[in-house]
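Engineer: Using the sequences and the hints given, assemble the complete structure.
As you go down the protein sequences, you meet chains A and E in turn.
Okay, so the first sequence: first residue is 0 according to numbering that gives the first Met the number 0, each after it adds one.
Okay, so the second sequence: first residue is 0 according to numbering that gives the first Met the number 0, each after it adds one.
Treat the hints with care, as some may be off.
Pairs of lysine to aspartate or glutamate residues, derived as DMTMM-like cross-links and limited to a Cα-Cα distance of at most 25 angstroms, are as follows [claimed, not checked]: (1) A/Lys271 <-> E/Asp142; (2) A/Lys188 <-> A/Asp199; (3) A/Lys349 <-> E/Glu125.
Calculated directly from the structure, the hints in this document are not laboratory data.
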Amino acid sequence: MTSVTDRQKLQYIAAQAADARVNVELETEGMTLNLGPQHPATHGTLRIIAQLDGEQVVHAEPVAGYMHRGYEKLTEVRTYPQITTLVNRIDWLGSFANEVPFILAAEQLMEVEAPERAMWIRTILFELSRISNLILFLGDMGVQLGAVTPVFFAFRDREFVLDQIEAATGGRFHPNFDRIGGLKDDLPKGWLESTKGSMDKVREFCDQIEDLLLGSEIFQARTRGIGIVPADVAMQYGLSGANARASGIDWDIRRDNCIGLAYPELDWKVWKHTDGDSFARFWVRIQEVREAAKMVDQLCDGLPAGPVMAKVPRIIKVPAGEAYVATENPLGEMGYYIVSEGELTPFRVKIRSASFSNMSITPWLLRGVYVPDIITILGSLYFILGDIDR
Amino acid sequence: MTNDASVTEAAPAEEVATDETREARLATISESLGEMLVDSHIATGRDIWVRVSTDAWGAVADVVRNRLGLRYFGFLSVIDWMPSPYGRSMDSEVDIVLADAAPSDEATSSDEASDTGFNRGVTGGETRFQAFARVSHVGDPGDFWGLTIKADIPDETLAIDTWTNVYAGADWHEREAWEMFGIQFTGHPGLRNIYLPTDFEGNPMRKDFPLLARMVKPWPGIVDVEPLPTISDGAEEGDQ
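Structural biologist: Here it is, written out as structure tokens:
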């Protein structure tokens, strides 16, 4: 028989005491906490009704729809070229990336392929959208935790990328630059050099954020082990993009199912993290910005010459058929399911937006968390309201 | 089984290269689904569709997730196959039919649909509404593939089984389909509005629900702008 150490005795007493306290604890009265619709963590107007028991969430119910614009209905009365203008506004921080899957799906039905140069420029602009989108996320995550500085850095450095998008397309936020069969225009002179210059700024920003946030003890305490999403749950809820990769799912549409973009030509890496917590989601995104900057450099160096527009009819009539094309957007899998009956307008467009599925996990994920963690979890899941309320 | 017929039809004559990977996958799928499979379609080099019987809709979710390994839930939605009674194309002579001209009934609409030679999509079907969902196999580099599954929704009941007990993420998607199309998902834990206000009447995504913006102000493209060139000019360079 082994002797019981003092330490074990103390542990036993503590456990007994804890049990006793639980048994005598009075029932707390539930409380309803209303978060939003105007909360900075919501990137738009999302409301969360949380039922609390003490400091813990018993049930959280996100209320979306304050910004629903009915794009799926509107697309049924718009011609294909007009629709890109609409879908630009879905994820407004990475607008160009919204156009690409739609155009690709229409091109697939028309059996048109964009020239190689157009594909490369699309890929550059796609990655620039990703960078401008995620830079804001990286800064914004600081604000959720009470660190105000990073978001100013984010707004400052995002401008370098937006300037490039504006120089190429004419629009800072809503380029509407993608066309069926290619692009509206070629790139302006000197654009490639200045873009590569701005990528240095992006890398600098990533280092700064890493110094400011990633290593910070407070940041780690607030995010590590908080809001853990196991891989299987993530797949069931349709979590995609960095959220899925932070749960250890080795999946990136850019690598696994790249349609009409130049990713297979590039040397890059899919980052993933096995923890599945808020920290992992932040960490994966910061690596993704770096990877995107690396890709833009390679794309600028290897950009092939040639036309940027294929021969397409002046009036776009898409042959009857169905197609689903998804791309790896800044927020995750964004896809368009187009049903065409051979008319000027699509018969039905189902917009599969990333944030809608990413947010549908919140009732499951917020159960049992503490009130301050709601904010970091929402922040790290990263959604754009336009992407939920399409 | 209609299966084989549609597969051969799917590969057009000029496309010599058959899609062996997808053919093989479809063979596995039809084996697993067995009787539940009604129709299928392969777009060579692109995608696979299957249509399953209405009664099997709930069971199919279980098979594709647990037996075929399609664990990732993409989306679930509904298509209304009735052609819009209000005219949906910019090139239609009459863009708007006044609200009192009641939406056409099922008989005329199905006639119109067959005129276009494209009735109920690539996998066919009989009913006005069809549910469709997209699931994928992810997390396995080099073996990523997706599948679109469809099923008819009976016109009398407008109800179909829920997928929420297999794919938890179907919850919001079914709520959206419920409010937008008025489809009941039997067994769903709480069908309530997700986008629309709770006192909203009607199902906006149905084809016979008028787009009010177009009622108030007709589509200006017909009157304001000079006529677009005709289709015969179509072969030239696209406009920049």
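Engineer: Does each hint hold? Answer for all of them.
Structural biologist: Going down the list of hints, with the structure as the test:
For the given pair, A/Lys271 sits about 18 angstroms from E/Asp142 by alpha-carbon distance, which is consistent with the 25 angstroms threshold. Straight-line distance between C-alpha atoms of A/Lys188 and A/Asp199 comes to about 20 angstroms, which keeps the hinted pair within the 25 angstroms bound. As the CA atoms of A/Lys349 and E/Glu125 are separated by approximately 21 angstroms, the hinted pair is consistent with the 25 angstroms bound.
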